[in-house]
Amino acid sequence: MNYLQRQFHALLDHCLDERKEIRSLRKTAFDRFNQLGFPTKKWEEWQFTDFSEIRKNEYRLAWGKDLPKIPDKIPGLIPDTYSIIIINGHYQPQLTKLPTGVSVKSHEDFSQIDGDEYSLNGNQNPFLALNTALMNSEISLIVEPDSIIEKPIQIIHLTTALSDQFMNHPRLVFQIGRNSQATLVEHYIGETKIPYFVNPVTQVSIDENASLNYIRILEEDIFGCHTATTNYILKNDARLNTTSFSSGAKLFRHDIKLDFAGDGGEAVFNGLCLTEDQQHHDQHVIVDHQQNFCQSRQLFKYILAEKSSGVFNGKVVVRKNTKQTDADQSNRNLLLSPSALMNANPQLEILSDDVKCSHGSSTGELDDDAIFYLQTRGIDSETAKSLLIHGFANEIIEKVKPISIQDYIHNQFTDWLS
Amino acid sequence: MLEIKNLCAAVENKEILKGINLNVKQGEVHAIMGRNGSGKSTLANLIAGKNNYSVTSGEVYYKEKNIAAISPEDRALNGIFLSFQYPVVIPGVNTTYFLKEALNAKRRNREEEEINAADFMRLIKEKLKEVDLDETYLKRSVNDGFSGGEKKRNEILQMLILEPELAVLDETDSGLDIDALKTIAHGINQYRREDRAIILITHYQRLLKYAVPDYVHVLMNGQIVKSGGKELALELEEKGYSWLEK
Ligand SMILES: Nc1ncnc2c1ncn2[C@@H]1O[C@H](COP(=O)(O)OP(=O)(O)OP(=O)(O)O)[C@@H](O)[C@H]1O
Ligand SMILES: [Mg+2]
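Protein chains in written order, with this note's numbering: chain A, 1 to 418; chain B, 419 to 664.
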């Protein structure tokens with residue numbers, strides 16, 4: 001028996017009172033995971049990422065007793081936001097602040113949650129199956145129809161003060177009701193010196209004419225491995241604006257899928273990955289244009305230092321007989337060291353004629369001519385380099401709204417640079 | 419102010435400068451003319467401190483000091499300025515921010531306080547007028563999407579703000595319409611002073627009509643083959659360069 005099997009059985013014993021649909025869902029999912037196994041170099045969509053760290057480390061699931069003393073100051077808290085705090089996998093209702101129009105359900109209400117959102121539907125991502133089998137931390141957030149939520153809602157997953165190697169499989173469901181507007185921040189922070197593993201699955205659905213501004217911040221500790229799956233479903237005229245800012249984790253893999261399930265949807269993805277040391281960040285994005293008049297924009301940037309590596313794999317699919325699709329995908333990477341490595345593979349799969357599509361990828365180093373130009377203006381070469389790196393990142397950072405979140409990301413970026 | 423002695427430089431084993439001698443004193447304006455590929459920009463870049471050339475022999479003295487080991491930024495802080503033939507785009511770096519950084523680097527070097535925002539805006543608005551640019555350029559990234567002429571004005575703008583002692587202007591007049599040429603010449607004359615020196619690299623007599631040089635030099639095959647007064651530029655315009663070939 002491997003560690004995952006032991007943990008799975010322990011979980012089933014622990015949650016004897018769970019609804020039987022959920023129990024059978026867990027079993028099906030675990031069977032699926034065992035069939036699939038951890039990805040190997042032979043799997044085309046996973047070939048550049050080595051998961052042996054997660055396979056070998058014997059993580060255990062976090063339980064109630066793993067809840068440490070709540071820190072006086074929660075790290076990463078952005079001023080002027082509503083907040084939902086999860087510490088070592090445990091939701092802290094007493095720290096939750098939410099406006100009217102927004103409700104949240106957690107693990108305790110899990111038995112009431114509709115099983116549909118959890119079904120695997122033939123998905124072949126082993127980390128999704130693993131999450132479904134082992135999910136031990138659930139948050140379901142619902143924004144009621146016709147609600148304008150002015151302030152951002154920040155969901156912090158903090159991993160801190162571990163006693164031994166552990167793992168968490170958070171399950172997040174976000175539903176944005178018709179005509180509503182909200183900003184959500186999904187924020188992962190780690191502060192520990194012990195290896196850990198976080199494997200969240202986030203399901204986002206945006207109803208008719210609703211709009212979601214969604215920011216994902218990854219600041220896991222360098223001892224953490226983070227594999228994530230995010231699925232978006234956009235109904236008619238729904239709008240999604242996402243920013244992902246990822247600087248943490250030893251290993252980060254993110255599978256993002258967006259389905260336009262109605263006409264007139266708009267989706268914007270902006271991403272900034274910062275890696276150093278031996279970090280590895282791998283993002284796979286699929287945007288599926290299966291309806292008419294939909295627009296998608298992607299801009300993913302990586303800044304890779306030292307011996308770190310990155311993977312970007314983006315795919316835009318435009319289905320047969322769809323009308324007036326407008327899709328753009330762009331990936332730009334900056335290598336700060338000769339040992340840094342980037343693998344980029346932007347793809348288009350276009351089966352309709354009525355499209356406007358573009359895509360491109362480029363990887364380069366800092367421009368020596370630009371450094372010289374700045375030097376001739378009296379700016380020393382270190383400052384010049386940092387200005388250029390800043391300039392490269394700014395294209396993503398300056399688009400982040402509201403300004404409180406932009407400032408937070410900007411500060412974290414500046415810290416990373418120095 | 420600037421003394422170049424027998425300067426020889428090569429790139430990838432190709433000799434480009436083959437013994438340049440040039441002496442520029444305070445208050446003087448020197449024009450350097452010459453065919454494409456004769457080594458004018460190479461000379462300008464070497465004065466500014468670009469390090470991808472190998473200097474095989476010779477020296478450059480600035481304010482009586484050999485500057486071989488001085489970095490480009492320290493040369494700039496000590497008063498050398500290069501207006502680029504091809505100004506470089508700096509994506510994502512806002513022009514105002516860049517100008518302020520550059521000015522403050524100079525002020526810090528002189529142990530002065532950094533300029534405050536209000537004074538800076540006042541200064542920049544005044545100088546923008548001199549080069550006939552409007553304030554919208556300040557909000558854009560440095561040279562990003564600027565037209566050829568706008569880039570050149572931006573170079574002169576920087577010269578006026580940074581107030582160098584030695585300005586090397588590499589084809590700042592190329593690709594300009596006639597009004598822009600006058601604007602640039604006006605900027606140069608505005609800058610010209612008894613305690614400053616200018617090296618004007620150009621292909622055309624027309625700039626020299628407005629910004630009149632004290633000396634004109636012809637660079638050919640990496641050497642200065644002829645020097646003279648401002649009339650030499652006229653002669654070159656008439657006769658071309660072939661009569662100077664050995
Ligand atoms: N990095 C380099 N690698 C190879 N050759 C170079 C390099 N830099 C300059 N050269 C060569 O050196 C010679 C002189 O170039 P330079 O740019 O100094 O000429 P120039 O006089 O400024 O010409 P123009 O009037 O066209 O601006 C050219 O033949 C050019 O191709
Ligand atoms: Mg030139």
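Check each hint, because a few of them may be wrong.
Taking lysine-lysine pairs in the BS3-like style, the calculated list, with each CA pair at most 27 Å apart, reads [claimed, not checked]:
#1 B:557 with A:257
#2 A:41 with A:385
#3 A:385 with B:627
#4 B:600 with B:569
#5 B:483 with B:468
#6 B:600 with A:385
#7 A:105 with B:600
#8 B:600 with B:627
#9 B:481 with A:399
#10 A:97 with A:65
#11 B:468 with A:399
#12 A:401 with B:569
#13 B:557 with B:569
Which residues of chain B face chain A? A partial, calculated answer using Cβ under 10 Å [what the hints assert, rightly or not]:
#14 516
#15 523
#16 535
#17 537
#18 539
To list a few chain A residues with every Cβ distance to chain B over 10 Å, as calculated [to be verified]:
#19 60
#20 261
#21 348
#22 377
#23 380
#24 383
#25 393
#26 394
#27 410
FYI, nobody ran anything at the bench for these hints, they're computed from the structure.
Virtual Cβ for every residue (Gly too), placed ideally from N, Cα, C.
* Hints not upheld, ascending by number -> 1, 2, 3, 6, 7, 9, 11, 12, 16, 17, 18, 22, 23, 24, 25 and 26
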